[in-house]
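> Protein chains in written order, with the working numbering: chain E, 290 to 722; chain Y, 290 to 722.
Please keep in mind that the hints were generated in silico from the structure rather than gathered at the bench.
Please note that a few of the clues may not be correct.
As the list claims (entries may be wrong) - A partial selection of chain Y residues facing chain E, derived with a Cβ cut-off under 10 Å:
#, residue
1, ILE362
2, ALA364
3, PRO428
4, PHE514
Claimed, not checked - Simulated restraints on C-beta separations:
#, chain 1, residue 1, chain 2, residue 2, range
5, E, SER316, Y, GLU490, 23 to 33 Å
6, Y, ALA576, E, SER316, 30 to 40 Å
7, E, GLN382, Y, ALA396, 14 to 24 Å
8, E, ALA304, Y, ASP353, 27 to 37 Å
9, E, ALA304, Y, ASN721, 37 to 47 Å
10, Y, LYS368, E, ALA304, 23 to 33 Å
11, E, ALA352, Y, GLU605, 26 to 36 Å
12, E, GLN397, Y, ASP370, 45 to 55 Å
13, E, GLN397, Y, GLY565, 44 to 54 Å
14, Y, VAL389, E, ALA336, 31 to 41 Å
15, Y, THR322, E, SER316, 39 to 49 Å
16, Y, LEU309, E, THR580, 51 to 61 Å
17, E, TRP398, Y, PRO299, 21 to 31 Å
Beta carbons are placed, not taken as given, at the ideal position from N, Cα and C, and that holds for glycine.
Number of protein chains: 2
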Amino acid sequence: MPVFLDTTDPDFEPAFAALLSAKREDSPDVDETVGRIIADVRTRGDAAVLELTAQFDRLALTADRLRFTEDEIAAECAKVDEADRAALETAAQRIRAYHVRQMPDDAQWTDPEGATLGWRWTPVGAAGLYVPGGLASYPSSVLMNAIPAKVAGVPRLAITVPTPDGVVNPLVLLAARIAGVDEIYRIGGAQAVAALAYGTESIAPVDKITGPGNAFVAAAKRRVFGKVGIDMIAGPSEILVIADAENDPDWIALDLMSQAEHDESAQSILVTTDAGFGQAVAEAVEARLQTLERRAIAGAAWRDFGAVITVRDLDEAAALSDRIAPEHLELCVADPEALSARITHAGAIFLGQWTPEAIGDYVGGPNHVLPTARSARFSSGLSVLDFLKRTTLAKMSPEALRAIGPAAEALARSESLEAHGLSVTARLARLNR
Amino acid sequence: MPVFLDTTDPDFEPAFAALLSAKREDSPDVDETVGRIIADVRTRGDAAVLELTAQFDRLALTADRLRFTEDEIAAECAKVDEADRAALETAAQRIRAYHVRQMPDDAQWTDPEGATLGWRWTPVGAAGLYVPGGLASYPSSVLMNAIPAKVAGVPRLAITVPTPDGVVNPLVLLAARIAGVDEIYRIGGAQAVAALAYGTESIAPVDKITGPGNAFVAAAKRRVFGKVGIDMIAGPSEILVIADAENDPDWIALDLMSQAEHDESAQSILVTTDAGFGQAVAEAVEARLQTLERRAIAGAAWRDFGAVITVRDLDEAAALSDRIAPEHLELCVADPEALSARITHAGAIFLGQWTPEAIGDYVGGPNHVLPTARSARFSSGLSVLDFLKRTTLAKMSPEALRAIGPAAEALARSESLEAHGLSVTARLARLNR
Chain E
290 MPVFLDTTDP DFEPAFAALL SAKREDSPDV DETVGRIIAD VRTRGDAAVL
340 ELTAQFDRLA LTADRLRFTE DEIAAECAKV DEADRAALET AAQRIRAYHV
390 RQMPDDAQWT DPEGATLGWR WTPVGAAGLY VPGGLASYPS SVLMNAIPAK
440 VAGVPRLAIT VPTPDGVVNP LVLLAARIAG VDEIYRIGGA QAVAALAYGT
490 ESIAPVDKIT GPGNAFVAAA KRRVFGKVGI DMIAGPSEIL VIADAENDPD
540 WIALDLMSQA EHDESAQSIL VTTDAGFGQA VAEAVEARLQ TLERRAIAGA
590 AWRDFGAVIT VRDLDEAAAL SDRIAPEHLE LCVADPEALS ARITHAGAIF
640 LGQWTPEAIG DYVGGPNHVL PTARSARFSS GLSVLDFLKR TTLAKMSPEA
690 LRAIGPAAEA LARSESLEAH GLSVTARLAR LNR
Chain Y
290 MPVFLDTTDP DFEPAFAALL SAKREDSPDV DETVGRIIAD VRTRGDAAVL
340 ELTAQFDRLA LTADRLRFTE DEIAAECAKV DEADRAALET AAQRIRAYHV
390 RQMPDDAQWT DPEGATLGWR WTPVGAAGLY VPGGLASYPS SVLMNAIPAK
440 VAGVPRLAIT VPTPDGVVNP LVLLAARIAG VDEIYRIGGA QAVAALAYGT
490 ESIAPVDKIT GPGNAFVAAA KRRVFGKVGI DMIAGPSEIL VIADAENDPD
540 WIALDLMSQA EHDESAQSIL VTTDAGFGQA VAEAVEARLQ TLERRAIAGA
590 AWRDFGAVIT VRDLDEAAAL SDRIAPEHLE LCVADPEALS ARITHAGAIF
640 LGQWTPEAIG DYVGGPNHVL PTARSARFSS GLSVLDFLKR TTLAKMSPEA
690 LRAIGPAAEA LARSESLEAH GLSVTARLAR LNR
């Protein structure tokens, strides 16, 4: 059973605080192992990658087989049936349409002093996308990571996807092809991250690595951060549903289960203004847990981390939501826009009862790579900005330097940085000659 | 003497590669110490912060004196002379004017399927800015970190600045006041970062920590990343100047020295189309090194990491610059705009001979917190975006769900996520009833 809380209960605050601080993930300490793997790949390149792939993926490769050939990709893509292909293409088109709108503008202006200022956005030169193999091999994640990179204009986009025992997911390759991925390598784990960051004889290094992965992949991304850019380190998935009594309890139950089925560490929370409705949703969850294919996982997540919280009103719901800073937030209330306006910290908001979170996982358009573990307080979902960087621009006219140079000289003096000041002074001396 | 390279030399490529990969920083391994300090502050709060401040800053405080009072701040600010105050205010006004233009727009639209999509930007709830004490206590850095936070709308902005032996830099407090900082604490080191990230009895926790610091501060920021957001981990400063022969060698020498004087690990590189001009600049540097106040530091940086590279033409200069991906790039050539357009990777570009880099450190307007150590390949300088996060928004009409729901069902099925699919199926069943 999940925990049932009520804000009118005098013990609510400590119980809610405990829910907020619950440690949901056992992170095995794999950092030392990962450090050795990265050092090995840096030193021995392909040879290390091949040995580690034989060891972890039980797959004997040669260097010339690390990368999928165009023929291999075409052969795998041909295995996908028409309905799945059409669904992937619908998703890709919608994700692209959303992310194209995120492209930021360059700017340039000249201010009254005569300084021409501005900035310019440019894509990273090369990006690498890690795609998990096996159970958690999601073609939708390929689209969600690769499309923003291509919209940003990244000229070279590589993905790595392990194929344990040689098993390939054709949908992953098709998603990569639809998204415009340039290179696909059949490797995984920390060795794949190391190969992307440092390069090997067969794999050119990239500048940015994104994508989900297990504890080894997460530790490897942390370690190569600085040498390359990385996206966030994702934790287990979360959903918060704020619902009034005018909802179908079964719909809300399914929405809660759609996060719970990801992972035994996932968290599903219902906040409702109606205790009876909360009870009805809990009962609907139990009914669905009788038959769901992934009932073992979803049931464990619901039992260990699920919660049903009854609140006095929607103001209280909004305040609790901001303290949770949920990755996914569903607003199943009469006026979801009004409630949304009262929310400050959330990765993605789904408004109204016709917007189940699963729509956002696949075809809504917004990205499904979102901040977990309360990090929506300070970070955002994946976007085209993750594959761009900004160069600031400044040009002084002689008049501008005359106008603002003396302030720079004064500040340089106050910071005891003499050469800084002299670089201005020498130029002003020429102007004043 | 710096290294002199020429792209026409057959040995140029290995020599340039060695320059690129030169390890400039000895990072002492303080991670274990920092781990202990953070754990101590988490456990014992103020008591730990006070003990560590007594130990490292030789300063006996009580909890009620951790924070500067308004009277103390006013008294320190009164010590700043009028010229310095005016210079800080000029700088603040220009930095604010630049960063206001960075504020991103919210967006909302309804697509042909009937889905209303968009996003919304909101500021982090609280930000903490680390300001070094002692030698590297720069009021300009307070402005560069605090103003973007306040432009972003961060409601609570705290700074920590150590005051070793009780020594306070009045300019730092005045800069904080001008920038609109809300709280100032006289603490530093890993203990300050821990207090900002986890909070103590006297210091409320923040959501984002930015600002430069020594090895202890950098290690602490890495460790609290995830609990809070952080900006980049800054390395030693760098400048690349591309100059033709139509420049005053002394100006260019001063520009090179203005980075070299920061730090013995700083790097100053001149790329020029004229070997004789390169020689003249090197001579001008030697002349300036006779008298510069910080000649010991600047001389060591120039000797150990400086370089003068002669190239065939500006195309070659642009290509080398992109391989270096410099933090600061000065273009002292006849047509700096044309050359700038050929550059892809740089933190900040300064166009033309009237724009010494030092202008950008203080009063140009763009931020002086910029990506070092080749990370301009994948990251940007500090901006208002560092203090904002984006929430994506999606609302399906029944018609939109009918149009795109089946694609979500198909993808959920292909990923074996049954509840995801059922959350759509249950709603479509109602629509189709």
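> Give a verdict on every hint.
Consistency of the hints with the structure:
no.: 1; hint: ILE362; result: violated, 18 Å
no.: 2; hint: ALA364; result: violated, 18 Å
no.: 3; hint: PRO428; result: holds, 7 Å
no.: 4; hint: PHE514; result: holds, 9 Å
no.: 5; hint: E:SER316 with Y:GLU490: 23 to 33 Å; result: holds, 29 Å
no.: 6; hint: Y:ALA576 with E:SER316: 30 to 40 Å; result: violated, 57 Å
no.: 7; hint: E:GLN382 with Y:ALA396: 14 to 24 Å; result: holds, 19 Å
no.: 8; hint: E:ALA304 with Y:ASP353: 27 to 37 Å; result: holds, 33 Å
no.: 9; hint: E:ALA304 with Y:ASN721: 37 to 47 Å; result: holds, 42 Å
no.: 10; hint: Y:LYS368 with E:ALA304: 23 to 33 Å; result: violated, 51 Å
no.: 11; hint: E:ALA352 with Y:GLU605: 26 to 36 Å; result: holds, 33 Å
no.: 12; hint: E:GLN397 with Y:ASP370: 45 to 55 Å; result: violated, 36 Å
no.: 13; hint: E:GLN397 with Y:GLY565: 44 to 54 Å; result: violated, 35 Å
no.: 14; hint: Y:VAL389 with E:ALA336: 31 to 41 Å; result: violated, 54 Å
no.: 15; hint: Y:THR322 with E:SER316: 39 to 49 Å; result: violated, 22 Å
no.: 16; hint: Y:LEU309 with E:THR580: 51 to 61 Å; result: holds, 60 Å
no.: 17; hint: E:TRP398 with Y:PRO299: 21 to 31 Å; result: violated, 46 Å
Hint compliance for this structure: hints 1, 2, 6, 10, 12, 13, 14, 15 and 17 are broken, all remaining hints hold.
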